[in-house]
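J.: The chain contents come next:
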Amino acid sequence: MLYLIYASKEAAIERADEEGKEIGYSYWVNGIGTRWLTYPNETADHMWALNVTDYDLDESERASTVNHYTPLPDPDDD
Amino acid sequence: MHVSLDSALGRQRRLNSVGESVLQIAPNAAAAYSLRSLTGGDPRAVRVRRSALSGSENEIDFTVSEVSSGALTSFVTEPVSALLNSAYYFSPDSHSHVDFDSDITLADGETMSLKYFFEGVTGTDMLFDSGGASANSMLITTSIAPRVRINSESIDFGVGCKLLINQLDTLTIARSGNDITITTGTGAVTKSFTSGAFTFNRLGGNASQTFQGVFYNLQIGSRHNYTGLGGAATAWNDTVGSNNGTPDNLVSFTGQTVDGFVDTWYDQSGNGNDAEQATAANQPKIVSSGSLVPDDGIDFDGGDFLVASSVSGLESPFSIFSTSVIDATGYIGSFSKSTASNRFFAVQEGSSTSIAVPRNSTSGVSVSASVSGSDRLAFALTTGATSTSVGAKGGTLANTTNDYGDDFTSASGLDQLTIGVHRTVSPSGYFNGRIRELIFYTSDQSTNRSAVETNTANHYNITLV
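One line per chain: the protein sequences are A and B, in this order. Going from the first sequence to the working numbering is simple: count from 1 and add 79. Going from the second sequence to the working numbering is simple: count from 1 and add 80.
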């Protein structure tokens, strides 16, 4: 797996949106349905990891990918 | 008003009436999900995204009758319908390829073309070959971009002419002197070589660099033509010249890699609590390789899930009827809270048990009922923090009085229903298998249990204990 790490959830979703538009998912064509290929997950250090294994990456992004991340531990409370 | 004998005597209903639907037997569900009608009518069942693309309508709704009639499957396979059982599928597992009798070298001023359909590369894959990848070949890189080698000179053409995935498209290669131009649905890119004599004698690569997909209508200028269609061993014979192709390990294209995924599983209860998944990678599958998945259910792969969000009125008692076929243990579904990991009431299927798992702020509790076989029919119930039960395939309820915290009241903040996982905060224990049916109640359905389970068991041919 390849991941891009973002400082904010919003930035990660923005990249996920970009890929979803590029693919032409229904949400971007018809306003309903599938929107993203993948969705970001929070990391242990409160960054956001986006699985970009199947994304169309540019060279800069490709150079920034990592193979793994540490997920946020179970908060176990509310 | 008709009052049944069971009802008059205050007993649990033993049987459902002939023709009675599940939601007629046990009305007022909070949500009800199935591919069959739970209402007696023909409600919407699912919204499905197809992997093979054609035009802008690649995701639409289907009623329960359209699922069973084949309309759903036809929608999923429609973009490649002309190729089904006619074209050949090149499988990476069996190193499928076509060897031509002699080398084909693209002449100056000549253009060759190939129609293709594939879902993506498996690495750096080989499309054309002569003498090995390092000599004369066309590779497709992990960026899905062509890389051409002529007499060991290797040039990447880049993503400006990358191949399209999950769409029918045509690849053309044109030679003008020492220039090679590659055109796909993405665009055209020209590169200059020391020699433009692009040569190959194999379509489909070698044992270490295979290619996965469907290829047909290969034309080399006006001197060679191969339909690759018709399903016969002669499909790769040259219909213009005499340089025939010999297929090796090709298999009939029956829709391999053509799948349908569930974006929405519609709620049949009338409450509009539709369970959705907007992320393609987490959508469960309903059509696999051109056919409905088995078991009359929706296939969850151990990472898929659906969520009905912003559900109101989720206060106990809670009842869940779940019907599934397990490949591995996992949670079928739950009442849960979108902002907390420690508030939920879930039903889980273990290797030999059906399990009710409530948790409300303190440590979780579980109670399990023994069950055999991979097909499951579970009933989970909690009426308060010290009263939880579960039964499997109509068997005796297993009960626990262990305290899971507080009763589920409005203060608990439960606000969603999940399918395929027990919570969305720090999710784990994703279900792996087919989920056939899941019905949630904010009421004690003990009195309807037998009738509901009899109806369900009859429909799915499940043997009750």
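In case anyone wonders, no lab produced these hints; they're calculated from the structure. Since the model is a prediction, treat every value here as computed from it, not as a measurement. All residues carry an ideal CB built from backbone N, CA and C; glycine is no exception. Mixed in with the good hints, there may be bad ones.
The calculated label-pair distances, taken between Cβ atoms and stated as ranges, are [said to hold, decoys possible]: (1) B:Asp181 / A:Thr122: 35 to 41 Å; (2) B:Thr481 / A:Ala90: 44 to 50 Å; (3) B:Thr543 / A:Lys100: 48 to 54 Å; (4) B:Asp486 / A:Met80: 38 to 44 Å; (5) A:Asp96 / B:Val320: 45 to 51 Å; (6) A:Ser143 / B:Ala162: 50 to 56 Å; (7) B:Arg124 / A:Trp107: 21 to 27 Å; (8) B:Gly453 / A:Pro152: 34 to 40 Å.
J.: Would you mind marking each hint as holding or not holding in the structure?
T.: Right, here's what the structure says about each hint:
1. B:Asp181 / A:Thr122: 35 to 41 Å: violated, 56 Å
2. B:Thr481 / A:Ala90: 44 to 50 Å: 49 Å Cβ-Cβ, so the 44 to 50 Å window holds.
3. B:Thr543 / A:Lys100: 48 to 54 Å: Taking Cβ atoms as reference, Thr543 (chain B) and Lys100 (chain A) lie about 49 Å apart, which means the hint holds.
4. B:Asp486 / A:Met80: 38 to 44 Å: The hinted range 38 to 44 Å holds for Asp486 (chain B) and Met80 (chain A), with Cβ atoms some 39 Å apart.
5. A:Asp96 / B:Val320: 45 to 51 Å: holds, 48 Å
6. A:Ser143 / B:Ala162: 50 to 56 Å: violated, 42 Å
7. B:Arg124 / A:Trp107: 21 to 27 Å: holds, 23 Å
8. B:Gly453 / A:Pro152: 34 to 40 Å: Given range 34 to 40 Å: holds, Cβ gap about 36 Å.
Hint check: violations occur at hints 1, 6; the rest are consistent with the structure.
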